[in-house]
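Asks: Those protein sequence lines, which keep their order, are chains A and B.
Numbering-wise (the numbering used here), the first sequence opens with residue 1 and increments by one.
Numbering-wise (the numbering used here), the second sequence opens with residue 1 and increments by one.
Honestly, the hints are just simulated from the structure, not real lab data.
Backbone N, C-alpha and C define an ideal beta-carbon position, used for all residues, glycine too.
Any given hint could be a false lead.
To be verified - Label-pair restraints from in silico Cβ distances:
| no. | chain 1 | residue 1 | chain 2 | residue 2 | range |
| --- | --- | --- | --- | --- | --- |
| 1 | A | VAL35 | B | ALA228 | 44 to 52 Å |
| 2 | B | LEU180 | A | VAL24 | 41 to 49 Å |
| 3 | B | VAL242 | A | VAL24 | 37 to 45 Å |
| 4 | B | LEU231 | A | SER23 | 17 to 25 Å |
Stated by the list, open to error - To be clear about the criterion: a stretch of chain A counts as covered by chain B if any three or more of its residues have a C-beta under 8 Å from a C-beta of chain B, and this derived list gives those stretches:
| no. | segment |
| --- | --- |
| 5 | 22-29 |
| 6 | 35-45 |
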Amino acid sequence: MVDKNLELVSLTERQHKARRNRSVAIGVALAVLVVIFYAATIVKFGHNLAGTM
Amino acid sequence: MALVDERLTDEAGFRMSEATAGDFFALLKPRVMSLVVFTAFVGLVAAPVTIHPLLAVIAILSIAIGAGASGALNMWYDADIDAVMTRTASRPVPAGRILPGEALSFGLVLSVMSVMTLGVLVNWLSATLLAFTIFFYAVIYTMWLKRWTPQNIVIGGAAGAIPPVIGWAAVTGTVSLESLILFLIIFLWTPPHFWALALFKSEDYARAGIPMMPNVAGQASTRRQIFAYALILAPVGVLPWVLGFTTPAYGIVAALLGAGFVWYAWKVLRMAEDDQVMRPAKTLFGYSLLYLFAIFAVYLADCVVGRALAIGGA
Numbered sequence: 001m002v003d004k005n006l007e008l009v010s011l012t013e014r015q016h017k018a019r020r021n022r023s024v025a026i027g028v029a030l031a032v033l034v035v036i037f038y039a040a041t042i043v044k045f046g047h048n049l050a051g052t053m
Numbered sequence: 001m002a003l004v005d006e007r008l009t010d011e012a013g014f015r016m017s018e019a020t021a022g023d024f025f026a027l028l029k030p031r032v033m034s035l036v037v038f039t040a041f042v043g044l045v046a047a048p049v050t051i052h053p054l055l056a057v058i059a060i061l062s063i064a065i066g067a068g069a070s071g072a073l074n075m076w077y078d079a080d081i082d083a084v085m086t087r088t089a090s091r092p093v094p095a096g097r098i099l100p101g102e103a104l105s106f107g108l109v110l111s112v113m114s115v116m117t118l119g120v121l122v123n124w125l126s127a128t129l130l131a132f133t134i135f136f137y138a139v140i141y142t143m144w145l146k147r148w149t150p151q152n153i154v155i156g157g158a159a160g161a162i163p164p165v166i167g168w169a170a171v172t173g174t175v176s177l178e179s180l181i182l183f184l185i186i187f188l189w190t191p192p193h194f195w196a197l198a199l200f201k202s203e204d205y206a207r208a209g210i211p212m213m214p215n216v217a218g219q220a221s222t223r224r225q226i227f228a229y230a231l232i233l234a235p236v237g238v239l240p241w242v243l244g245f246t247t248p249a250y251g252i253v254a255a256l257l258g259a260g261f262v263w264y265a266w267k268v269l270r271m272a273e274d275d276q277v278m279r280p281a282k283t284l285f286g287y288s289l290l291y292l293f294a295i296f297a298v299y300l301a302d303c304v305v306g307r308a309l310a311i312g313g314a
């Protein structure tokens, strides 16, 4: 619940666009990181399993 | 998050950020990063063993991000001198698009993430070398050498020369003579490259109070040192062939490229004392970029072709 006494400022159009732009970039970077770690784990585990079988 | 942001007001001493992802990308010094990626890739491919292609991509990506992170830390610390130099005044921090604190946080986060990713997914020797490179560039070079000694880029050049060693270490888990020769080529290339720039940008450096060689030792001494480094660099560029790491084809091209470097350095040496345009220095600066790219490209081609022929002959 937002306190009505808080002094809020509204972002300008430019600030909104910049924040959205940064948010999208962070989201994409995190998604890429997840994919990289997932794929690398498969590669490394696969390699280790092949070595033990 | 939105609520927190909207509570921030200018009167309270905060500023709403208008920085875009592109501004943060500019903090990574993409042009420097491209050279780092290329030389690291050559080190990675030149290694006598191979790793899974995905791990190779991750290694190159980590090295690129690590190099970019050190660039961001450099821009955070050097914002004051970047602001007074024409070449760097439009960078995100001095231009006011990104706050210094944002650049610092960005650089630190990317440093940790790139080193950890390389260590966990590839190997810890390459990760340690990457961490050392970031530390060397951001702390030893940026915070200490750059404002203190005209030998700043001679010693600091080690940071820019390590990427092929990291690429090699990512594959082999070792550091060998082959990768150290690649290190040496970039290390010896750095002073004449940056001193050529410093010659025709000496007013910029003087305004910023950076003790570059032309501002401290004078233009004549700098021109002599550029020529001396060119004389050392040219034969070192041929060393991979002399030591048997490449075919004679590389040796011939490297010798020609080295001769070109010496020729352009000679023209800088012979430059008139009152030359204001300094075309020879500008030409050498441009040629030095071509030299480094070309010599690593030929080294790469030599490795790839040599390996293909060996497979074909087997």
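Asks: Are the hints correct? Go through all of them and say.
Replies: So, going through the hints one by one against the coordinates:
1. A:VAL35 <-> B:ALA228: 44 to 52 Å: Given a distance of about 49 Å, which is inside 44 to 52 Å, the answer is holds.
2. B:LEU180 <-> A:VAL24: 41 to 49 Å: At roughly 42 Å between Cβ atoms, A:VAL24 and B:LEU180 fall inside 41 to 49 Å, so the hint holds.
3. B:VAL242 <-> A:VAL24: 37 to 45 Å: Given a distance of about 52 Å, which is not inside 37 to 45 Å, the answer is violated.
4. B:LEU231 <-> A:SER23: 17 to 25 Å: Given a distance of about 53 Å, which is not inside 17 to 25 Å, the answer is violated.
5. 22-29: With 3 residues closer than 8 Å to chain B, the segment 22-29 of chain A meets the three-residue bar; holds.
6. 35-45: With 6 residues in contact (Cβ-Cβ under 8 Å with chain B), the coverage given for the segment 35-45 of chain A holds.
Of the hints listed earlier, those the structure fails to meet are numbers 3, 4, in rising order.
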